[in-house]
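Undergrad: Hey, can you piece these two chains together into the complex? The hints should help.
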Amino acid sequence: MVASNIDRWTDIDFSKDDRFARGCNGSGNLALFGSYEDRYDPIPQSEWMRLYEAEQAAGGGNDRLISRVKNQRNEGSCVGNAATAAVEVLNNRMFGGKLCLSAIYTYQDIGSSPNSGANVSDALETISTVGCLPEDTPENRAIFGDVVMPPTGYYTKRPKGHEAVAKKFRVTEWLVGRTYEGLISALFRGHPVVVGRDGHSICYLRAMFVNGSIRVKYVNSWGDWGDEGFGYDSINTIKRASGWWFCPQSMVTG
Amino acid sequence: MPRLILIVALGWLVLSQGKGCDSVAVPGVRQVVIVHEAQEQTPEFSRMAVALRVGKPAEYLKSKGHTLLILDDDAIAADGKPSPLLDPFRPLNPPELIVVKPPASVLYRGKLPDTADEVIAEVQRHGG
Numbered sequence: 003m004v005a006s007n008i009d010r011w012t013d014i015d016f017s018k019d020d021r022f023a024r025g026c027n028g029s030g031n032l033a034l035f036g037s038y039e040d041r042y043d044p045i046p047q048s049e050w051m052r053l054y055e056a057e058q059a060a061g062g063g064n065d066r067l068i069s070r071v072k073n074q075r076n077e078g079s080c081v082g083n084a085a086t087a088a089v090e091v092l093n094n095r096m097f098g099g100k101l102c103l104s105a106i107y108t109y110q111d112i113g114s115s116p117n118s119g120a121n122v123s124d125a126l127e128t129i130s131t132v133g134c135l136p137e138d139t140p141e142n143r144a145i146f147g148d149v150v151m152p153p154t155g156y157y158t159k160r161p162k163g164h165e166a167v168a169k170k171f172r173v174t175e176w177l178v179g180r181t182y183e184g185l186i187s188a189l190f191r192g193h194p195v196v197v198g199r200d201g202h203s204i205c206y207l208r209a210m211f212v213n214g215s216i217r218v219k220y221v222n223s224w225g226d227w228g229d230e231g232f233g234y235d236s237i238n239t240i241k242r243a244s245g246w247w248f249c250p251q252s253m254v255t256g
Numbered sequence: 002m003p004r005l006i007l008i009v010a011l012g013w014l015v016l017s018q019g020k021g022c023d024s025v026a027v028p029g030v031r032q033v034v035i036v037h038e039a040q041e042q043t044p045e046f047s048r049m050a051v052a053l054r055v056g057k058p059a060e061y062l063k064s065k066g067h068t069l070l071i072l073d074d075d076a077i078a079a080d081g082k083p084s085p086l087l088d089p090f091r092p093l094n095p096p097e098l099i100v101v102k103p104p105a106s107v108l109y110r111g112k113l114p115d116t117a118d119e120v121i122a123e124v125q126r127h128g129g
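As they're listed, the protein sequences go chains A and B. If you count the first sequence from 1, you need to add 2 to reach this note's numbering. If you count the second sequence from 1, you need to add 1 to reach this note's numbering.
No wet-lab data here; the hints were simulated from the structure.
Below, in silico cross-link-like pairs of lysine-lysine (DSS-like), each with a Cα-Cα straight-line distance of 27 angstroms or less:
1) B/Lys63 / A/Lys170
2) A/Lys169 / A/Lys159
3) A/Lys100 / B/Lys102
4) A/Lys169 / B/Lys82
5) B/Lys63 / B/Lys112
6) A/Lys162 / B/Lys82
7) A/Lys100 / A/Lys170
8) A/Lys170 / B/Lys82
9) A/Lys100 / B/Lys57
10) A/Lys100 / B/Lys82
11) B/Lys63 / A/Lys100
12) A/Lys100 / B/Lys65
Covered stretches of chain A, as calculated for chain B (at least 3 residues, CB under 8 angstroms):
13) 52-63
14) 90-101
15) 164-176
16) 188-201
17) 243-254
Even glycine gets a Cβ: it sits at the ideal position worked out from N, Cα and C.
Here chain B stands alone, though its shape is the one from the complex (with noise of 0.2 angstroms):
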């Protein structure tokens, strides 16, 4: 008894001062959005974009079920209209990668990293 007392007092006093306790996303199927803006496109992001869709990134978010979207950020939909896609994600600060819980929890939004494989690491920290 007296050790869980310890224990509990000794957790509380981590939490209180707001360290050691960094919150962890329950693993499961995440949609991944990168927002980019198509008349800044590098040779580095379409690297990235194509390995997302056709790599060995490709396979791992296949395999886990996630999905994947590369918007505009000025996209439009059918109707001429601003994409509904990109609705609950405005306002948008292109490039930008954001790791959603399905349906509409974002876990993450950060600005894009440079490589695929960064992008992979991102969405794995957020339990994808």
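The shape of chain A in the complex, shown without the other chains (with noise of 0.2 angstroms):
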């Protein structure tokens, strides 16, 4: 992770991309939820380097737990990638291995076309509700059989038996949050978080300190872009992404 990479990397506008799809229609409704500043307190700025460098010291954070790097094409699928990248960090963390679940799947549910986009509180319903199906690659090909879909592809049908399989990777423990704070503090807790900006969805993954800055590190569906596949957020990005945004805490063990 070299500074100056991470600098190149930082506060990107994805609006200003047109080589790459989005698709973030918004966030949603926040009286459907449970709010994480009423579950949580903050924790305290004055903690945040120390929790930063605790971090550093074991190694990384949940980063390191991103199964890959996804690529919507040129889909507007960004929501269904960020829901799904996150309920894979938190199935890596709690079960191992390094699942991949199926973007367009859940993007399915929530879009009605191609590139109609969707808002993230809608993919926070499905995968609460519907749940995940696992991504058409060998290895889960060998365990649930064709009842796998690939990562893009609107128009591919479901296969058979796909909403109990679904089931078995579903999130069942979750907070929306709307500040700045939370937000990080959902981070230095080790929840992954769920956001939309610039028309664009993406999964932050822990929050960073570079050049005595805070930075936040997320993981984008563009495949090969950014620092490979990561980008990172400066305090007033974040704080732009931060009015509407969930963290999965907990999922089936089906």
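TA: What follows is the structure, given as structure tokens:
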């Protein structure tokens, strides 16, 4: 992780890069969900540097639990990609391995066309009710047979029996937040956070300090982009993204 | 022969007083179960969980063939019922560490240590 590389990929305005598809139509209604800030007191800012240094000393944070960087290609499925990335991190922490989930399965539920985009809150509702379907990989096929889906392809037909398999990968505990302090606190507590900004949705992984300033490392869904698929936001951009976000905390063990 | 009698007598004396006889588990593969409450997650717990998954402690667990489960205390299965994975350990008292000799012998059960290294040390103390 080279500092100059971090600076190069900090505060990217997704709306200014037409080479990649986006697809985040907004967040959602906080009143429908339990609030992170109501549940937790924020970790005081005076503690953040110490927590970051401790995490560094331990070798890193949730960025090490990423299964692989997703690629939504030309579809507006970023919300499905960010949400399933967060579920993968949660799964990998709880049960191990490197689970790969189909982003398009989730996006089919919340989008109305390949490029309609979707709301972040709709993704939360889907991953906590319908669940997520494994991606079509050799490892997943060995377990789930044909009940898998590719990462892209909005019009891909869903396999028979997808409902039962998706329920095996369902988020059971989550919280929605609305403040910058709450978001950073969630990251320090180890929760992956799904946000939307500049018409795009990404999964925040960890809070860190670069030259004494707070940054958040996120995983994007644009394949070979940025710092090996990852990007960084600094304080003002984080604040813009922190008006509505959610973090999955627990999922089924199916 | 007198020496053998003396050793046996001394051994009996020690054992009868309940001292100097820690049970030693036969080394082997272990299942390491951590039960916690997702709503009470702390930065310290997060660091420990990540280290057990991808850090040096994780390498140790993998090298020994141990499996690791980090479970929420109210985890449910895909059918919406309480997870059967937790059934052998109820009642639960999170956060706790349970070291199991497969398939179902609980060798250790106690308060979850603060760090991944301390978890590994506990596993090693119980033959892992």
